[in-house]
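Going down the list, the protein sequences come from chains U and E. Positions 1 to 493 (the numbering used here) are the ones given, in order, by the first sequence. Positions 1 to 493 (the numbering used here) are the ones given, in order, by the second sequence.
These are computed hints drawn from the structure, not numbers from a lab.
Below, simulated BS3-like cross-link-like pairs (lysine-lysine); rule was C-alpha separation at most 30 Å, straight line: (1) U:Lys439 <-> E:Lys104; (2) E:Lys104 <-> U:Lys444; (3) U:Lys444 <-> E:Lys161; (4) E:Lys104 <-> E:Lys444; (5) U:Lys439 <-> E:Lys161.
Each pair of labels, with its calculated beta carbon distance range: (6) E:Phe61 <-> U:Leu21: 54 to 60 Å; (7) U:Leu159 <-> E:Pro21: 49 to 55 Å; (8) E:Leu15 <-> U:Ser177: 57 to 63 Å; (9) E:Ser491 <-> U:Pro375: 51 to 57 Å; (10) U:Pro483 <-> E:His352: 56 to 62 Å; (11) E:Leu51 <-> U:Leu461: 53 to 59 Å; (12) U:Ala277 <-> E:Pro406: 54 to 60 Å.
Cβ coordinates follow ideal geometry from the N, Cα and C atoms, glycine included.
Each chain, letter by letter, is given below.
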Amino acid sequence: MNHSALFLQLLPEAVIVLTALVMLGAAVATGKKPGGEFSAGVGVSIATFGILFAAAAMCFVPQDGATSTPLLVNDALARIFKAVVLGLGLLAVWLPPARREMRNLGEYYALVLFALTGLLLAAGSNHLLFLFVALELASLSLYLLAGFPRTPRAAEASLKYFLFGGVSAAFMLFGISLLYGASHSATLSGISHALEASQPSLLAMTGLAMLLAGLGFKLAAVPFHYWVPDVYQGAPATTVAMVSAASKAVGLVVLVRILQIGFPNVAGSAAWGEMTAGWSLWLAVLAAVSMIFGNLLALAQTSVRRLLAYSAVANTGYLLVALSANGPKAAAAALFYVVVYGLATLGAVAVTAAVERDRGDDRITSFAGLIHRSPFQAVCLLVFLTSLAGIPPLAGFVGKFSLFSHALAEGGGMGLAWLVGLAALLSAVSLYYYLSVLKQAFVKSAEDVDVSTPLPISHRLCITLPAAALVVLGMFPLLLIGPLAKALATMVP
Amino acid sequence: MTPAWTLISAFAAALIVLLLPARAAMASRVVALVASIIGAVAAGSACLAKLANPDAAPWSFDREWIPNLGSRFHLAADGLSLTLLFLTGITAIAGVLFSWNIEKRPRAFFAFFMTIIGGVYGVFLSRDAFLLFVFYEIVILPKYMLIAIWGSTNKEYGAMKLTMYSIGASSLILIGLVAAYAAAGATSFDIAHLAAATYPPAMQAWAFPVLFLGFAVLAGIWPFHTWAPTGHVAAPTAASMLLAGVVMKLGAFGALCVAMPLFPQGFEQYKALIAGLAVVGIIYGALTALSQKDLKFIIGYSSVSHMGFILLGLAAANHWGLRGAVLQMISHGIIAGLLFGIAGRVVYERTHTRDLTELGRFDLWKSLPGAALAFTLATAASMGLPGFSGFVAEISVIIGLWQVYPWLTIAVAAGIILTGVFSLRALYRAFFPEREAGAAPPPKLPPLTWPEISAMGLLLAVSIAIGIYPKPWVQLIDDGLRSPLFQSILSLP
Numbered sequence: 001m002n003h004s005a006l007f008l009q010l011l012p013e014a015v016i017v018l019t020a021l022v023m024l025g026a027a028v029a030t031g032k033k034p035g036g037e038f039s040a041g042v043g044v045s046i047a048t049f050g051i052l053f054a055a056a057a058m059c060f061v062p063q064d065g066a067t068s069t070p071l072l073v074n075d076a077l078a079r080i081f082k083a084v085v086l087g088l089g090l091l092a093v094w095l096p097p098a099r100r101e102m103r104n105l106g107e108y109y110a111l112v113l114f115a116l117t118g119l120l121l122a123a124g125s126n127h128l129l130f131l132f133v134a135l136e137l138a139s140l141s142l143y144l145l146a147g148f149p150r151t152p153r154a155a156e157a158s159l160k161y162f163l164f165g166g167v168s169a170a171f172m173l174f175g176i177s178l179l180y181g182a183s184h185s186a187t188l189s190g191i192s193h194a195l196e197a198s199q200p201s202l203l204a205m206t207g208l209a210m211l212l213a214g215l216g217f218k219l220a221a222v223p224f225h226y227w228v229p230d231v232y233q234g235a236p237a238t239t240v241a242m243v244s245a246a247s248k249a250v251g252l253v254v255l256v257r258i259l260q261i262g263f264p265n266v267a268g269s270a271a272w273g274e275m276t277a278g279w280s281l282w283l284a285v286l287a288a289v290s291m292i293f294g295n296l297l298a299l300a301q302t303s304v305r306r307l308l309a310y311s312a313v314a315n316t317g318y319l320l321v322a323l324s325a326n327g328p329k330a331a332a333a334a335l336f337y338v339v340v341y342g343l344a345t346l347g348a349v350a351v352t353a354a355v356e357r358d359r360g361d362d363r364i365t366s367f368a369g370l371i372h373r374s375p376f377q378a379v380c381l382l383v384f385l386t387s388l389a390g391i392p393p394l395a396g397f398v399g400k401f402s403l404f405s406h407a408l409a410e411g412g413g414m415g416l417a418w419l420v421g422l423a424a425l426l427s428a429v430s431l432y433y434y435l436s437v438l439k440q441a442f443v444k445s446a447e448d449v450d451v452s453t454p455l456p457i458s459h460r461l462c463i464t465l466p467a468a469a470l471v472v473l474g475m476f477p478l479l480l481i482g483p484l485a486k487a488l489a490t491m492v493p
Numbered sequence: 001m002t003p004a005w006t007l008i009s010a011f012a013a014a015l016i017v018l019l020l021p022a023r024a025a026m027a028s029r030v031v032a033l034v035a036s037i038i039g040a041v042a043a044g045s046a047c048l049a050k051l052a053n054p055d056a057a058p059w060s061f062d063r064e065w066i067p068n069l070g071s072r073f074h075l076a077a078d079g080l081s082l083t084l085l086f087l088t089g090i091t092a093i094a095g096v097l098f099s100w101n102i103e104k105r106p107r108a109f110f111a112f113f114m115t116i117i118g119g120v121y122g123v124f125l126s127r128d129a130f131l132l133f134v135f136y137e138i139v140i141l142p143k144y145m146l147i148a149i150w151g152s153t154n155k156e157y158g159a160m161k162l163t164m165y166s167i168g169a170s171s172l173i174l175i176g177l178v179a180a181y182a183a184a185g186a187t188s189f190d191i192a193h194l195a196a197a198t199y200p201p202a203m204q205a206w207a208f209p210v211l212f213l214g215f216a217v218l219a220g221i222w223p224f225h226t227w228a229p230t231g232h233v234a235a236p237t238a239a240s241m242l243l244a245g246v247v248m249k250l251g252a253f254g255a256l257c258v259a260m261p262l263f264p265q266g267f268e269q270y271k272a273l274i275a276g277l278a279v280v281g282i283i284y285g286a287l288t289a290l291s292q293k294d295l296k297f298i299i300g301y302s303s304v305s306h307m308g309f310i311l312l313g314l315a316a317a318n319h320w321g322l323r324g325a326v327l328q329m330i331s332h333g334i335i336a337g338l339l340f341g342i343a344g345r346v347v348y349e350r351t352h353t354r355d356l357t358e359l360g361r362f363d364l365w366k367s368l369p370g371a372a373l374a375f376t377l378a379t380a381a382s383m384g385l386p387g388f389s390g391f392v393a394e395i396s397v398i399i400g401l402w403q404v405y406p407w408l409t410i411a412v413a414a415g416i417i418l419t420g421v422f423s424l425r426a427l428y429r430a431f432f433p434e435r436e437a438g439a440a441p442p443p444k445l446p447p448l449t450w451p452e453i454s455a456m457g458l459l460l461a462v463s464i465a466i467g468i469y470p471k472p473w474v475q476l477i478d479d480g481l482r483s484p485l486f487q488s489i490l491s492l493p
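So that you can see chain E by itself, here it is in the shape it has in the complex:
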């Protein structure tokens, strides 16, 4: 199976679901699950093939599309894209499983869901800036609909805020891309072609921040992160998982694979600022998470904090930094998906509260031991304990950072300690509360269902697999980083 099956399966599933008879809930779920599995298997098998035969030419698909614009339908998958595709596939499967109980307009739900997945696959595969932007923008409307229709807490506000941030950021990306296109001779939108052109420094000085900021808003860069917590909290569980797990990665991917290679000199000027904002984001996210009462808000702000590591890795701009950034994309995608899945689906659907004190009444470690175990492991992974994916990623970023901005590592260390504090606080108060003597016994909660168990197991397994044996992942990412696209960044002094 070629990586094209990821795209085909997702968009085909979105169409098929819409053609099903009305209220065909089970059929829609099954179609979405099968399509997600096809996507994950296609990405996974391509990863294995790449590992078995690292020197084979990467899969690519290149057809004429809009010659007037110089845009081609050009998809290709190197190691870096493949790992991100695999992440998307896994998140898609877990998202469908965690949405197994959706009964309200299930066809529309899964159609929007699979459209987002397809758009994300498309961005990771595109090698043409116009095509990449098409897939990037396809995601916007389904995001809005998922949150506004199926969401909770202040959903219309959260959905509109997220959408306006996304479209505003997209218009910055559009300006940056169009400027690069015009300056490179207005003949082609091919990313390699645009990256090979030389742009005058005066132009790079304004075009880079415009383009980078456009992508970075979606990656939750401080102070443009405020859409993320409100959006994540308002979204239904599967949409929170997708938003935090993969959609935020689109921004990071665009910054890494489009903004930085196109304008390396502009990047050079701004990288200290980016590193500074990333560190502020790490500490600010952690401090805010520490003062939240709503479990989903805590996870939302922890996402802002963790996304800071990705931006920090990009700003370090050396091999360790970029590799760490990509590893963190994957690691955070898995862990955030898991945390949101447990908090939004497993716990909330049974207790109907996300307030830490309220949750204390339920004695979750007794009434839902499976969820408590999974949340404990996920918290450990989120804190970056060895043996989980978060450790591998964060240590790589810090090594990279040490080589460039050694003094910043002190601030990052403080951020890591704060992460530990707020994660343990949330875990302790929500799942392992101290019971006062004589308090009423906790209410009985329904046991875990098979979709929940399998989704949690799948995500935990991937996180632990990366944590214990990161070598194949690192190999795949390094293969992607060898692309000529990144040499102008890696060769910066």
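Chain U on its own, in the form it takes in the complex:
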């Protein structure tokens, strides 16, 4: 492979990095002038152009699998998720970042772009060390993004995120080194060959477990979830949108790729009565505790951001249910669901940000009378929360339904019925807390003055586009789930 081909393959990432540098340059240039302040509008415009250029650049990336290198793959799965990351990233950029005025916006948006670069690279990585570097690029940017407003809450969020993230990164790196020791390779296909040849050693299994713990942190699975509520509550809206949507989607793609390509024959089984050790069983346990903790703790929340955080934990549980079935259709369903989940949560965060503008905080009771204040926001909130609860005709319903049915069908006989049954029942519980927000928005009326300040167009788009996407994907899920199923079938080994 020659260098120009490699460059073409990394063109979207290169465009994003270049945009980030332009952003930093512009920030420095305006900051030097006396009284000059980098305005949010300029930052959003530069970032928007950069992301759109990167999306356009994706058309120039060579499409054939032959361009894959040991470090990078460019299969259909990577392409779809790079597009998803760019889309979700664009929506996140359009959100107003903070409740209050925030300083150094140039650096803020540059960091958002660096985080996007890390996520894009991770979506297409084929080598564990490269993956680690890519994920760390994204994580380090996100730690900073979480603490940017310099409020006590944001500082707490950033510190917790960083400490847990640091420990999980250490775990992940140690796991990778163990895997390298066991298989003499850090590429996924190399590990898979080495593990095929011999009985999986304790060394390799320990390495895999540590790797999964690191990814469990990214995905916000219990017991690696302690940072989630604080980050959702304290971080700026843009950061929350990045963490909940794009970062989670990439975490899942990476997990699918690692497990399906690197470790297909150490899955074990999570089927009732014939459980054998392996990642399938581990994921099933993580899924069960994540669903139970997430859903039950969400019931007790009074802040919508914290509620969304625990809902994120619960939804990770549903995703892991599908992965523990260890089948391509279930994995495709999980990938579909993570996109749908990201859209819904991003939209809900956007509406919460709008409510915070009007009412000053994100308590559930602050949503009272939203339907009178802004019917547009209320109806879109209805779309987001009912999609999360899995009510048709929205995409969340199709996502959950296909996730559960494929997990059961591919999980070995009726073996996963215990896990799918638990997921279905807990998903019914989740309607309670989503409805408690909707009840305020639609049934109650606010006691004091009821005016909504008009939102800027970018913020409105950030609410409209996910809502429209959820409705369209709910009625025509084949638009996304078809390409995903095909991509998984042709995943580059």
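Given chain U, put chain E in place with the hints provided.
Structure of chain E alone, referenced to chain U:
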């Protein structure tokens, strides 16, 4: 007009109403009424066409939808579906007429109302289990909103209780359907395909009760009926009519057309238990109704009692039993709608009380003779007197039951006597009270309005038509029961 117009008119009306200018009360009513009439006429004309030409192939619509899931957009209408569609259409018209005076957020009210109607039509038409479940779940959120926003007495509690029961039951249905799908080869959700597959007895023994209970909760099976009285009482009149009239029938329809055909052996094991619970429900509902003071609670518990007959007919599982169950669905749909309409709209809106003793002060047989007449006829129909639809239905169920569980008919007879007692008690105390000498003259009440008169007349006419000339109805239902779906049940020893 094909039966598709039922679905199209309902969902189109829901959309159109939302697009009307704010506070366009009259326009929303008219749109909803026209759509309901279109739906009823489409269903009625399809019924007539079917009667005129019984051997014609049933109308059906079958398109590819989500091939990854094996789900097709498959609608079809045999005689059984057509009669239930017609019932839904009639209830929709009466519901709109009884809601003619809604002034609070009329657009949202009729949008939610028509969405429920559309979902109900969809369930009755679906021949694909996934599609059926989609329509089944669409109904949940509008139900909540109708009760929580426009309801009375303890509305938020009633709405939340009803919603949680519904979604909990739905998750049981989801588990049952997904289990059947996985066990039948994970290729198709077509109900006929799922019913044709053979499932191991061990699986049927757990999957049938899960699936059946999921549907039966919505049909008000004892002891999972408690959502029904509180929900009915809290709901606005039109929503009570819909809940008791058609939404509870969704549960019975699902039990008959999905749960029983899919797992006939499982059904065989549990049918004695179902019959027992149904009889308990009949007697318990009647006894509880006997001790209530609130007119709506009496009707709510009488619904539990009457729904017991449907479950009893299903448990009898012979031709008379199933036919009686479907007839009772239609009959109870009409009668419950009528009773709730009179109690909730005609009487309550004028007297502002539903307490039996309080109502006695109004001398309703003098001040509202039309309502008293209609309520007397409705009570007669509810008691199952000959000449009304209730008689035809209950006698069929009892004949069916006699062939299977003759000793249970004694308990059912006791239930029928109790029904007579509580119905007459309510009628007597609310409408024909004894006046003490020298009591203050009853206050003047506004006369009946044309929407009330026409709604009451419509429902009474249908009930009497079935009672006097049941033959066409029986023909249509028998046509549906000839479907291969039911042969595995009817052929049980």
